[in-house]
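One letter stands for each residue in the lines below.
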Amino acid sequence: MLIDLKDINKTYNNGQPLHVLKGVTLGIEAGEFVSIMGASGSGKSTLLNILGILDNYDTGEYRLDGKLIKDLSERQGADYRNRMIGFIFQSFNLISFKTAVENVELPLFYQGVSRRKRHALAMEYLDRLGLKDWASHYPNEMSGGQKQRVAIARALITHPRIILADEPTGALDSKTSVEVMDLLAQLNREEKVTMIIVTHDPTVAEKTRRTIRIKDGIIEE
Amino acid sequence: MKLDIDTFKEILDTLTRNKSRSLLTGFGVFWGLFMLLFMLGGGNGFKAMLMKNFEGFATNTTILVADRTTKPFKGFKDGRWWSLETGDVERLRLMVPELEVVSPSLSVWSSSAVREEYSYADAVVKGIDADYRKIEEPVMKYGRYLNEVDVKQERKVCVIGKRVYNELFPEGGDPCGKYIKAGAIYYQVIGVDFSASNISVNGNSQDAVLIPFPVAQKIYRRGNRVDLVAMVGKPGVKMSTLEDRIRAVIAEAHFFDPTDKPALFIIDTEQLFNMVDTLFTGVNLLIWLVGLGTILAGAIGVSNIMLVTVKERTVEIGIRRAIGATPRDILSQIMMESVALTSAAGVLGIMFTVGCLAVLEKAFPGTPFQIGFWAAVLALFLVALLGVVTGLAPASRAMAIKPVDAMLDE
Chain A
1 MLIDLKDINK TYNNGQPLHV LKGVTLGIEA GEFVSIMGAS GSGKSTLLNI
51 LGILDNYDTG EYRLDGKLIK DLSERQGADY RNRMIGFIFQ SFNLISFKTA
101 VENVELPLFY QGVSRRKRHA LAMEYLDRLG LKDWASHYPN EMSGGQKQRV
151 AIARALITHP RIILADEPTG ALDSKTSVEV MDLLAQLNRE EKVTMIIVTH
201 DPTVAEKTRR TIRIKDGIIE E
Chain B
1 MKLDIDTFKE ILDTLTRNKS RSLLTGFGVF WGLFMLLFML GGGNGFKAML
51 MKNFEGFATN TTILVADRTT KPFKGFKDGR WWSLETGDVE RLRLMVPELE
101 VVSPSLSVWS SSAVREEYSY ADAVVKGIDA DYRKIEEPVM KYGRYLNEVD
151 VKQERKVCVI GKRVYNELFP EGGDPCGKYI KAGAIYYQVI GVDFSASNIS
201 VNGNSQDAVL IPFPVAQKIY RRGNRVDLVA MVGKPGVKMS TLEDRIRAVI
251 AEAHFFDPTD KPALFIIDTE QLFNMVDTLF TGVNLLIWLV GLGTILAGAI
301 GVSNIMLVTV KERTVEIGIR RAIGATPRDI LSQIMMESVA LTSAAGVLGI
351 MFTVGCLAVL EKAFPGTPFQ IGFWAAVLAL FLVALLGVVT GLAPASRAMA
401 IKPVDAMLDE
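If you read the protein sequences in the order shown, they are chains A and B.
The working numbering puts the first residue of the first sequence at 1, with every later residue one more than the last.
The working numbering puts the first residue of the second sequence at 1, with every later residue one more than the last.
Hints may contain errors.
Derived DMTMM-like pairs: lysine to aspartate or glutamate, alpha-carbon spacing no greater than 20 Å straight-line [unchecked claim]:
(1) A:K117 - B:D6
(2) A:K117 - B:D405
(3) A:K117 - B:E243
(4) B:K234 - B:D260
(5) A:K98 - B:D6
(6) B:K402 - A:D79
(7) B:K402 - A:D71
(8) B:K19 - A:E141
(9) B:K402 - A:E74
(10) A:K98 - B:E10
(11) B:K181 - B:E167
(12) B:K178 - B:E100
(13) A:K22 - A:E61
(14) B:K402 - A:D55
(15) A:K98 - B:D13
(16) B:K402 - A:D58
(17) B:K71 - B:E243
(18) A:K98 - B:E312
It should be emphasised that the hints constitute simulated quantities derived from the structure, not laboratory data.
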């Protein structure tokens, strides 16, 4: 099992303690195409943050590809994120003063890949997503769909085992949403990348092969 | 911390693609360094300009002038007038062997020099000894200075100063051999002194008509009296240490109390030069204080703006963390941005300073304003060091940004 969550609890202590995840147990196999659905405040974003090693959990066990993800040093955390996980965000989160190709290169920069090699690789991925001509454009010169495809290229470039997408279509119109979802499905099929998509949009969830519903911090599949 | 060309390129990109931010940040340091270096260069230039006034004047000169006694001594009442005499020169030469030159001088103020009825110049007739050249170094434009034979034979010859020459000989040319009239006597011109020193010992050298002192004593009925005795110590002798002995020698000969300081007025140029030196030490201290203060203010400005910038870049840094940057990567990035920014601003500041000082040097030829090469290198090094210090606060704040912050909405 690629992702194995056992009885995960998470409480935020900002003033009033907020018990967000109340014993989440969840297993996801390699190559799955999963959506996590839930209303806002249901804990789905927190779950995503924990899955993405962006945040810690209080009790329970999270195993990623057999490795226990708990109390990691910042360095290890950064390394796992860099090599195992690709992120796709709702608002794309491209770095505004970098061109498309430079944004795609960035994860490889932190792996210490040489400039020429990572540029070639980034161009290859942009080409596959049909953005070769946009490589030297800045994010503010691109449409939402194009930006999200750049973000997808950035997520893919390190050959991650998992891609975590947080409302990937949230900022896109319906037509572009369909295109992006088709692209993610295609990548799942062809590259065998495990895809986990957090959404509250049922039409997005329909495109996935499995839907996990979360409500008030508890999984109800 | 990776310190390769890639990291450097990353820093450069970040700085050059946020131009206005970088410019604003760097300006404080640029201006601070400019102020410090420009004031240092300017200070040195003005010191050189001031020192030019002392040019050609021996720096360890002491001058004696007689004044009224203030203490009764050996039956004499206080308030008595007395005079230095020709004999005092020989006395000092014998009794104080540390003196290299002892030279008498007497001046006749508000004289005039006339040349064959058609040109006229105000002048100071100064009677001097041949070795007076070692006190006020002449710059001989024409002819020669007075020598021992002129003095011994009491020849009626003169050396004229620059202004006197210009007024008496407006047509220019070598005046040597011609005669000028000062007072009632004709003197043959044997030399022209073009020294431009602004030091004035009983009359400025530019206004002087120099004649042998025995001639002056006789013609102006001074007997064996002289106005002042100028002395230069042998190399390495501190003139201030000889003062008491000089005082004793003169006091004994003229019957006044050796402890009666006002009776013998002693001017020690060494002290004068020390005063100027002290003054400029003070000025330099002030310059450093103000300059370093300005740089420090600039650095604090850099630190401040970078703090704001880091806050603005929370999401960017969060993204970098989410896609695999370690806190050390972020730390080194912010630190290097700070160092690169302050260094670049420093180089620009130095270049601007050098340019401005070069303009000053053009405006005041012959005065060294320019800062030294190593001073500039040192300044640059200090500024880079400052970059590290200013980077600390923003970098520590940037390190506190968690990968989760990538999820914040921009």
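Here's how the hints hold up against the structure:
1. Simply put, K117 of chain A and D6 of chain B have alpha-carbon atoms about 12 Å apart, close enough for the 20 Å limit, and the pair holds.
2. Taking the CA atoms of K117 of chain A and D405 of chain B, the gap is about 30 Å. The hint is violated against a cut of 20 Å.
3. A threshold of 20 Å between alpha carbons decides the hint, and for K117 of chain A with E243 of chain B the separation of about 83 Å lies outside it, so the pair is violated.
4. With a C-alpha separation of about 27 Å, the suggested pair K234 of chain B and D260 of chain B falls outside the 20 Å cut-off, and the hint is violated.
5. As the CA atoms of K98 of chain A and D6 of chain B are separated by approximately 15 Å, the hinted pair is consistent with the 20 Å bound.
6. The suggested pairing of K402 of chain B with D79 of chain A holds, with an alpha-carbon distance near 15 Å, which does not exceed 20 Å.
7. For a cut-off of 20 Å, the pair hint linking K402 of chain B to D71 of chain A stands: about 15 Å separates their Cα positions.
8. Of the supplied pair hints, the one linking K19 of chain B and E141 of chain A holds, its CA atoms being roughly 19 Å apart against a limit of 20 Å.
9. The straight-line distance between the Cα atoms of K402 of chain B and E74 of chain A is roughly 10 Å, inside the 20 Å bound, and the hint therefore holds.
10. For the hint linking K98 of chain A to E10 of chain B, the alpha-carbon distance of about 10 Å falls within 20 Å, and the restraint holds.
11. The hinted pair formed by K181 of chain B and E167 of chain B meets the criterion: a straight-line CA distance of about 14 Å does not exceed 20 Å.
12. Distance hint between K178 of chain B and E100 of chain B is unfulfilled; the C-alpha atoms sit about 34 Å from each other, more than 20 Å.
13. With a C-alpha separation of about 13 Å, the suggested pairing of K22 of chain A with E61 of chain A holds against the 20 Å cut-off.
14. Distance restraint check for K402 of chain B and D55 of chain A: the Cα-Cα separation of roughly 8 Å lies within the 20 Å cut-off, and the hinted pair is therefore satisfied.
15. Between K98 of chain A and D13 of chain B, the direct Cα distance comes to roughly 8 Å. Compliance with the 20 Å bound is thereby established for this hinted pair.
16. For the hint linking K402 of chain B to D58 of chain A, the alpha-carbon distance of about 17 Å falls within 20 Å, and the restraint holds.
17. A C-alpha spacing of about 19 Å is found between K71 of chain B and E243 of chain B, which places the hinted pair at or below 20 Å, so the restraint holds.
18. Our distance criterion of 20 Å between C-alpha atoms is met by K98 of chain A and E312 of chain B, whose separation comes to about 16 Å.
Consistency with the previously given hints fails for numbers 2, 3, 4 and 12, ordered from lowest to highest.
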